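Using the hints, position chain W with the ligands against chain U.
2 protein chains.
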Amino acid sequence: MSAESNAPVRLVIVGGVAGGASAATRARRMNEQAEIILFEKDDDVSFANCGLPYHIGEEIKDRDALVVASADFLRRRFRLDVRTREEVVSIDREKRVVTVVRRGMTSEQDKTYEQPYDKVILAPGASPIVPDLPGVDSDNVLTLRNLVDMDRIKARVDSGSVRRAVVVGAGYIGLEMVEQLRRRGVAVDLIELRDQVLPLLDHEMARPIEEALRRNNVGVHTGVGLESIQRDGELATSVRLSDGKELPTELVILGIGVRPNARLASEAGLEIGGTGGISIDEYSRTSDPDIYAVGDASEPVYGPTGTPMRVPLAGPANRSGRLAGEHAVTGMSATATSVWGTSVVRVFDVSVGMTGLTRASAKRFGKEADSVTVVAKHHAGYFPGAETMTLKLVYEPNTGKVLGAQCVGGEGIDKRIDVIATAMHFGGSVRDLAGLDLAYAPPFGSAKDPVHMAAFAASNSLDGIESFRDSDASLEEVQIVDVRGATEIEKAPLCKASGSIHIPVDELRDRLDELDRTKPTVVSCAVGVRGHIAARILRQNGFEVQNLAGGATVRNRCFD
Amino acid sequence: MSAESNAPVRLVIVGGVAGGASAATRARRMNEQAEIILFEKDDDVSFANCGLPYHIGEEIKDRDALVVASADFLRRRFRLDVRTREEVVSIDREKRVVTVVRRGMTSEQDKTYEQPYDKVILAPGASPIVPDLPGVDSDNVLTLRNLVDMDRIKARVDSGSVRRAVVVGAGYIGLEMVEQLRRRGVAVDLIELRDQVLPLLDHEMARPIEEALRRNNVGVHTGVGLESIQRDGELATSVRLSDGKELPTELVILGIGVRPNARLASEAGLEIGGTGGISIDEYSRTSDPDIYAVGDASEPVYGPTGTPMRVPLAGPANRSGRLAGEHAVTGMSATATSVWGTSVVRVFDVSVGMTGLTRASAKRFGKEADSVTVVAKHHAGYFPGAETMTLKLVYEPNTGKVLGAQCVGGEGIDKRIDVIATAMHFGGSVRDLAGLDLAYAPPFGSAKDPVHMAAFAASNSLDGIESFRDSDASLEEVQIVDVRGATEIEKAPLCKASGSIHIPVDELRDRLDELDRTKPTVVSCAVGVRGHIAARILRQNGFEVQNLAGGATVRNRCFD
Ligand SMILES: Cc1cc2nc3c(=O)[nH]c(=O)nc-3n(C[C@H](O)[C@H](O)[C@H](O)COP(=O)(O)OP(=O)(O)OC[C@H]3O[C@@H](n4cnc5c(N)ncnc54)[C@H](O)[C@@H]3O)c2cc1C
Ligand SMILES: Cc1cc2nc3c(=O)[nH]c(=O)nc-3n(C[C@H](O)[C@H](O)[C@H](O)COP(=O)(O)OP(=O)(O)OC[C@H]3O[C@@H](n4cnc5c(N)ncnc54)[C@H](O)[C@@H]3O)c2cc1C
Ligand SMILES: CC(C)(COP(=O)(O)OP(=O)(O)OC[C@H]1O[C@@H](n2cnc3c(N)ncnc32)[C@H](O)[C@@H]1OP(=O)(O)O)[C@@H](O)C(=O)NCCC(=O)NCCS
Ligand SMILES: CC(C)(COP(=O)(O)OP(=O)(O)OC[C@H]1O[C@@H](n2cnc3c(N)ncnc32)[C@H](O)[C@@H]1OP(=O)(O)O)[C@@H](O)C(=O)NCCC(=O)NCCS
Numbered sequence: 001m002s003a004e005s006n007a008p009v010r011l012v013i014v015g016g017v018a019g020g021a022s023a024a025t026r027a028r029r030m031n032e033q034a035e036i037i038l039f040e041k042d043d044d045v046s047f048a049n050c051g052l053p054y055h056i057g058e059e060i061k062d063r064d065a066l067v068v069a070s071a072d073f074l075r076r077r078f079r080l081d082v083r084t085r086e087e088v089v090s091i092d093r094e095k096r097v098v099t100v101v102r103r104g105m106t107s108e109q110d111k112t113y114e115q116p117y118d119k120v121i122l123a124p125g126a127s128p129i130v131p132d133l134p135g136v137d138s139d140n141v142l143t144l145r146n147l148v149d150m151d152r153i154k155a156r157v158d159s160g161s162v163r164r165a166v167v168v169g170a171g172y173i174g175l176e177m178v179e180q181l182r183r184r185g186v187a188v189d190l191i192e193l194r195d196q197v198l199p200l201l202d203h204e205m206a207r208p209i210e211e212a213l214r215r216n217n218v219g220v221h222t223g224v225g226l227e228s229i230q231r232d233g234e235l236a237t238s239v240r241l242s243d244g245k246e247l248p249t250e251l252v253i254l255g256i257g258v259r260p261n262a263r264l265a266s267e268a269g270l271e272i273g274g275t276g277g278i279s280i281d282e283y284s285r286t287s288d289p290d291i292y293a294v295g296d297a298s299e300p301v302y303g304p305t306g307t308p309m310r311v312p313l314a315g316p317a318n319r320s321g322r323l324a325g326e327h328a329v330t331g332m333s334a335t336a337t338s339v340w341g342t343s344v345v346r347v348f349d350v351s352v353g354m355t356g357l358t359r360a361s362a363k364r365f366g367k368e369a370d371s372v373t374v375v376a377k378h379h380a381g382y383f384p385g386a387e388t389m390t391l392k393l394v395y396e397p398n399t400g401k402v403l404g405a406q407c408v409g410g411e412g413i414d415k416r417i418d419v420i421a422t423a424m425h426f427g428g429s430v431r432d433l434a435g436l437d438l439a440y441a442p443p444f445g446s447a448k449d450p451v452h453m454a455a456f457a458a459s460n461s462l463d464g465i466e467s468f469r470d471s472d473a474s475l476e477e478v479q480i481v482d483v484r485g486a487t488e489i490e491k492a493p494l495c496k497a498s499g500s501i502h503i504p505v506d507e508l509r510d511r512l513d514e515l516d517r518t519k520p521t522v523v524s525c526a527v528g529v530r531g532h533i534a535a536r537i538l539r540q541n542g543f544e545v546q547n548l549a550g551g552a553t554v555r556n557r558c559f560d
Numbered sequence: 001m002s003a004e005s006n007a008p009v010r011l012v013i014v015g016g017v018a019g020g021a022s023a024a025t026r027a028r029r030m031n032e033q034a035e036i037i038l039f040e041k042d043d044d045v046s047f048a049n050c051g052l053p054y055h056i057g058e059e060i061k062d063r064d065a066l067v068v069a070s071a072d073f074l075r076r077r078f079r080l081d082v083r084t085r086e087e088v089v090s091i092d093r094e095k096r097v098v099t100v101v102r103r104g105m106t107s108e109q110d111k112t113y114e115q116p117y118d119k120v121i122l123a124p125g126a127s128p129i130v131p132d133l134p135g136v137d138s139d140n141v142l143t144l145r146n147l148v149d150m151d152r153i154k155a156r157v158d159s160g161s162v163r164r165a166v167v168v169g170a171g172y173i174g175l176e177m178v179e180q181l182r183r184r185g186v187a188v189d190l191i192e193l194r195d196q197v198l199p200l201l202d203h204e205m206a207r208p209i210e211e212a213l214r215r216n217n218v219g220v221h222t223g224v225g226l227e228s229i230q231r232d233g234e235l236a237t238s239v240r241l242s243d244g245k246e247l248p249t250e251l252v253i254l255g256i257g258v259r260p261n262a263r264l265a266s267e268a269g270l271e272i273g274g275t276g277g278i279s280i281d282e283y284s285r286t287s288d289p290d291i292y293a294v295g296d297a298s299e300p301v302y303g304p305t306g307t308p309m310r311v312p313l314a315g316p317a318n319r320s321g322r323l324a325g326e327h328a329v330t331g332m333s334a335t336a337t338s339v340w341g342t343s344v345v346r347v348f349d350v351s352v353g354m355t356g357l358t359r360a361s362a363k364r365f366g367k368e369a370d371s372v373t374v375v376a377k378h379h380a381g382y383f384p385g386a387e388t389m390t391l392k393l394v395y396e397p398n399t400g401k402v403l404g405a406q407c408v409g410g411e412g413i414d415k416r417i418d419v420i421a422t423a424m425h426f427g428g429s430v431r432d433l434a435g436l437d438l439a440y441a442p443p444f445g446s447a448k449d450p451v452h453m454a455a456f457a458a459s460n461s462l463d464g465i466e467s468f469r470d471s472d473a474s475l476e477e478v479q480i481v482d483v484r485g486a487t488e489i490e491k492a493p494l495c496k497a498s499g500s501i502h503i504p505v506d507e508l509r510d511r512l513d514e515l516d517r518t519k520p521t522v523v524s525c526a527v528g529v530r531g532h533i534a535a536r537i538l539r540q541n542g543f544e545v546q547n548l549a550g551g552a553t554v555r556n557r558c559f560d
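So the protein lines, in turn, are chains U and W.
Numbering follows full-length UniProt numbering, with no gaps: position 368 of the first sequence is 368.
Numbering follows full-length UniProt numbering, with no gaps: position 81 of the second sequence is 81.
None of these hints come from the bench; they were simulated from the model.
There may be inaccurate statements among the hints.
Since the list can't tell identical chains apart, any single copy or any two copies may satisfy a pair.
Claimed, not checked - Heads up, simulated DSSO-like pairs for lysine-lysine below, C-alpha to C-alpha not over 27 Å straight-line:
# : residue 1 : residue 2
1 : K448      : K61
2 : K245      : K496
3 : K61       : K154
4 : K401      : K363
5 : K519      : K61
6 : K496      : K363
7 : K448      : K41
8 : K111      : K95
9 : K41       : K491
In this text, all values refer to a predicted model and were calculated from it rather than measured experimentally.
Next comes chain U alone, as it looks inside the complex (with noise of 0.2 Å):
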């Protein structure tokens, strides 16, 4: 799917980081004959983005280190003609020319000129949203996005003039921004729209990241905006929230998300999909097929609904600049995959991460989705160190396709959330995750991983086996069995459920009587294991019964 080319084409850049870039080195390697033109509007090419707020906390010491490949480098080894604080302003596709703003030391030095091109690859990222509000220009509220943003907060917070930071929005980099700036010892607030942290997951799966928040200090502040900034002189003092709360602070930064740069490509008169990125085929070719794009500004196709969205991560903008990098030389390339979504975040001592469709995702999208939810060990219980993940697993009902998961705990969530994403690739049901054939020895598993566990479950509610009642789900109008031990029962009851009748699995077969046959029956345990036996010992005894889903411990999380 590969052939290298000597063919002298003429190839234009747009963008010189992780989509940019990476177009340019496979670019090279196909075709030491092509002229290759890496435009950076900013100083600094192939940076380490996703680094930068570690830099800030000071958990990456080393600045250079978020240097990936300086231009200089680029050049050296690559023969890249890397042209720094260049901007390309536009794309005349008649002519076949970019016009190319060159930045000088100030804006009246700065030089226009055009390059000609034979192919254009457009990388220009995204930018961070700015809301328009007032005060939003103050000095200390900041975005980031870049090396410059990133010195640009950090000297703040070197200064020692900030003891107290405000984050806005808590999506990944909010939540990256929060752990760093606790680690320098600032005092933050983090402010979010939606009524949870990381909205882009279940409820109840960001629940454990809240908690982290909170237990370290951090003053979480969900389902309320940002109403306006106040300001003394250059500087914001304080932010005033929809809820009327005000919060005195000495940095704000906004996270609330990105808007791809999409503009030069659609003023060049080239398609904008539905999610506001660049339209792209599968070879991320555009409308006009000698023009490409990749990475945040564009929009591939997103494998849960396979159709084109916007997923601005740098694993799909590395892997697409790639192969566009080498399309654009030699005229063929391997197809794009399609993007899943998947992500991960460390959140001081917990970690979530999610691939492909989420439960309320599903419905958004008009998918019809069952879960199941499991709570396992990252590696043997009995190895010391073993840490609690949950684990839910999103699926198609009838055909067990696997949409998604999201998985939240310690160690070794990353590597379930891989395991999955790898099955999803393939189009694989819970059933070929009940099937795989993982590594285990205890340091690094269980005989039955969590993935196992989830896949079991999940396949015993598509054979009709179990039925799992929703974690959230009403409990009104049901026999709610609990049937974990009385001592268990007291130090964390269960939410919701009044009325429920404790029976100890173990005494279940002897005390059936104690129960309502006549009753649509729910069980729960801790975290669905000992509710699955009692299901299914009620079942054979002739109720119609449920498993709470996660049992006691993902319940109480659906709920304040």
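Here is chain W with the ligands on its own, set in the frame of chain U:
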């Protein structure tokens, strides 16, 4: 694919640990009416075999932690008729009874009786191989399979009488014992007949393990056999090796493999397979459809060859037990999936995992196989704590179908093996791996994961973009170009590569005339990345060139 049943079937299970106990619990969940009798010849059921070494080393402090489910627990929760200290000694398939010996306090008190059955599940596991050597029956020459074995070894170590031990066999269990004995301060010599530790791996992939052993002051003796054991009364005092060496010792652990417990089956006239295990079909039924066999004693289908093979690992035993238990009491279940020998072991600070075929085993099985090897970080290199792993990907020429992988390093090697094992489950190719959407954030991975890197390299090879020279191949009669910097080369000269020409990759384009374009050329760098760039430059300049797989790092592991 599952359906519960209320048939009062009488199920006899032989062996009460991984396969047997898993069968029993699932059988109960699927059928409350079944009579389920679990025979275990020893004292303990349902214990963690895989944890035994770690209790000897006191990494697992609490012995009770190793009992995953006691006999009492199984009786209480699952109404299983657990009969410990009862050995099934024969099966009369015509009468449909098994003969059982119930062990008394003394052998005179043993009682023999017949137990009728409708279905039998054989889960008798395997037994450690004990070589027929003089001295092998000494009191301090021991094997490790169950809690009694463990207690025996641990008591010796606890007594303080063991300052020096010899471990025979450098497979998983042998290596775990070595590590744990070192933890206890015991001096250890390790003996392995094959010329490498972990003979299941390709030679160079086992090297980092051997180095870890030496760093931890283990005497590693490969390519030598155990000739005899010298004793003084009941105790072995030294072992003699085939090379004449004599090693004094106070404890000998035999870890040279296991033999399937297939006698019961063979005596009952059931079919035995080519690797000595009991033959089974996709429902784990033996040649008698009322008798199932699972776990170490059986021969599931080995994925890479599609033929039956013993793979004595806990995951397959647990999963096949679960399915057989279900099938035996309901008449249906999902079919068993192939096993891939996916496995992992930690040896001090180095871990290694594998799945499917190695280059060596592919050869043994007569399967054509290519491979690539990459060396990469387990997470973003710029994030603190990145550990280096070596990943070798084995695949089918032409199709690119993944045949196997080996990964050695620190953190995260298990994740890559599980991802690749998952892809193999689906018959995936290296091109699939190249397109996987894996989770990335700096603490967890890289935008281009090691799995991607290996897949890119393999795809390049398939497409003829790059030709790899096997790491251990002869470099005679080729022009060798080492493209590393001078100090790097000085520190780690390329093994068996006399006359190599040194041109740093960044100077290559300008120094092409120092090379002979008519000579087959091999380039090498530290791990293969710069070699790849150099190979591409040379190729496009008319050279016939190969890139040395894994560069100097991997080549130098191939030779002593
Ligand atoms: C703080 C932070 C943390 C992140 N963490 C993660 C993470 O953990 N995991 C993950 O998967 N993703 C993460 N991301 C997202 C990831 O960095 C992006 O998805 C990825 O960088 C997108 O690549 P790209 O090439 O499309 O855009 P970018 O990498 O942003 O590169 C675009 C470049 O184009 C330049 N440019 C734009 N317009 C022009 C023009 N007209 N002319 C010249 N140059 C132009 C821009 O200056 C920019 O440098 C993070 C992002 C940030 C900001
Ligand atoms: C020290 C050690 C470490 C290991 N580490 C790992 C690891 O890290 N990862 C991994 O995947 N695998 C590991 N294994 C292998 C794993 O434990 C086995 O693959 C698994 O236990 C096999 O399950 P099984 O049910 O077939 O046999 P077993 O678990 O051995 O159970 C068989 C039982 O049957 C009983 N029995 C035999 N014959 C009769 C009879 N006639 N009547 C009554 N009872 C009988 C035996 O006493 C035994 O208790 C390890 C094994 C050992 C010994
Ligand atoms: C670094 C960057 C410039 C890309 O450079 P690159 O040379 O393409 O990528 P790498 O250094 O990772 O090398 C990958 C190449 O080496 C090859 N390779 C890797 N290991 C190899 C080995 N052992 N043997 C042979 N080839 C190997 C791969 O096949 C690939 O080559 P290909 O694309 O021709 O198939 C670009 O990814 C970048 O700018 N990254 C930083 C920005 C960013 O990604 N930000 C977001 C995340 S923080
Ligand atoms: C422990 C042992 C007795 C098996 O017991 P088990 O009850 O079948 O297994 P688990 O406790 O792991 O529970 C798994 C069951 O719970 C279900 N389950 C797990 N989490 C669940 C949840 N949150 N909700 C609903 N069901 C859940 C699974 O679906 C599975 O049920 P199924 O088989 O009916 O589908 C057996 O594996 C054993 O003896 N192990 C020790 C020996 C051994 O394996 N040695 C080698 C490795 S050291």
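Each hint, compared with the structure:
For the identical chains of this complex, K448 and K61 are inter-copy neighbours only, at 23 Å across copies versus 40 Å inside a copy, given an alpha-carbon limit of 27 Å. Within a single copy, K245 and K496 get their C-alpha atoms no closer than 30 Å, and across copies no closer than 72 Å, so neither meets the 27 Å cut-off. Proximity of K61 to K154 under the C-alpha cut-off of 27 Å is restricted to the intra-copy arrangement: shortest distance 12 Å within a copy versus 46 Å between copies. For the homomeric pair K401 and K363, the shortest alpha-carbon distance inside one copy (16 Å) is at most 27 Å, but the shortest distance between copies (36 Å) is not.
Taking the shortest alpha-carbon separations for K519 and K61, neither the intra-copy value of 62 Å nor the inter-copy value of 47 Å comes in at or below 27 Å. In the homo-oligomer, the alpha carbons of K496 and K363 lie at most 27 Å apart inside one protomer (24 Å), although the nearest pairing across protomers, at 62 Å, exceeds that limit. Only between protomers do K448 and K41 lie at most 27 Å apart by alpha-carbon distance; the minimum there is 25 Å, versus 51 Å within a single protomer. Proximity of K111 to K95 under the C-alpha cut-off of 27 Å is restricted to the intra-copy arrangement: shortest distance 20 Å within a copy versus 98 Å between copies.
In this assembly of identical chains, the alpha carbons of K41 and K491 never lie at most 27 Å apart, being 58 Å within a copy and 40 Å across copies at closest.
When the structure is compared with the earlier hints, violations turn up for hints 2, 5, 9 and for no others.
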